[in-house]
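> Under my numbering, think of the first position of the sequence shown as 1, with each following residue one higher.
There's no promise every hint is true.
[As the list claims (entries may be wrong)] Capping the alpha-carbon separation at 27 Å, the derived lysine-lysine pairs in BS3-like fashion look like this:
| hint | residue 1 | residue 2 |
| --- | --- | --- |
| 1 | K35 | K25 |
| 2 | K61 | K33 |
| 3 | K22 | K43 |
| 4 | K67 | K33 |
[Unchecked claim] Using C-beta positions, here's what the derived DEER-type ranges look like:
| hint | residue 1 | residue 2 | range |
| --- | --- | --- | --- |
| 5 | S28 | I98 | 30 to 38 Å |
| 6 | E58 | L106 | 27 to 35 Å |
| 7 | M83 | L11 | 15 to 23 Å |
| 8 | K104 | L45 | 43 to 51 Å |
Rather than coming from a laboratory, the hints here were simulated on the basis of the structure. All C-beta atoms in this analysis are idealised placements derived from N, C-alpha and C, irrespective of residue type, glycine included.
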Amino acid sequence: YDNAHALARSLRNSESFRHLLKAQKALSQDPTKWKRLQEVRQKQLQLTAQQLAGEQVEKEKIDALGKMVEALLIDEGIRDYLMAEERFAQLLADIQKIIGEVVKELKLLTEDSGKEGA
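Could you put the whole structure together from the sequences, leaning on the hints where they help?
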């Protein structure tokens, strides 16, 4: 647990986290912008869910979503927040990959995992 807590502290102290927190606080000062961002995210989730369910998503809906995202990115505060969020998400993905490589060494999810010499 000590290592997990050290990792959490390290994340909190990372530039990526601090920038994201700062951008989030700044954006949350304007409820209208925050609401616009959340509405676009909701539409993204809906379209993604449709695609994952094997449903055909109309090109018009995809194009409309693209225009909504473009409109959001014009705003410097929203753009800064999204870029900070992306950087932090990349940091988390890198950590997950590193941990995954360690877990992979255990061969927990392979057919050979219980066999000698595997």
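> Now look at each hint and say whether the structure bears it out.
Going down the list of hints, with the structure as the test:
Among the hinted pairs, K35 with K25 is consistent with the structure: their alpha-carbon atoms are about 14 Å apart, no more than 27 Å. With a CA separation close to 22 Å, the supplied pair K61 and K33 stays within the 27 Å bound. Restraint check: the Cα-Cα separation between K22 and K43 comes to about 25 Å, which is no more than 27 Å; the hinted pair holds. In summary, the hint linking K67 to K33 is supported, as the alpha carbons are separated by about 16 Å, within the 27 Å threshold.
Between S28 and I98 the beta carbon distance is about 31 Å. The supplied range of 30 to 38 Å therefore holds. A hinted range of 27 to 35 Å for the beta carbons of E58 and L106 is inconsistent with their spacing of about 45 Å. Separation of M83 from L11 is about 18 Å and conforms to the stated range, judged on CB atoms against 15 to 23 Å. For the hinted restraint 43 to 51 Å between K104 and L45, the CB-CB distance of approximately 30 Å leaves it violated.
In summary, the structure is inconsistent with hints 6 and 8 from the numbered list given earlier, while agreeing with the others.
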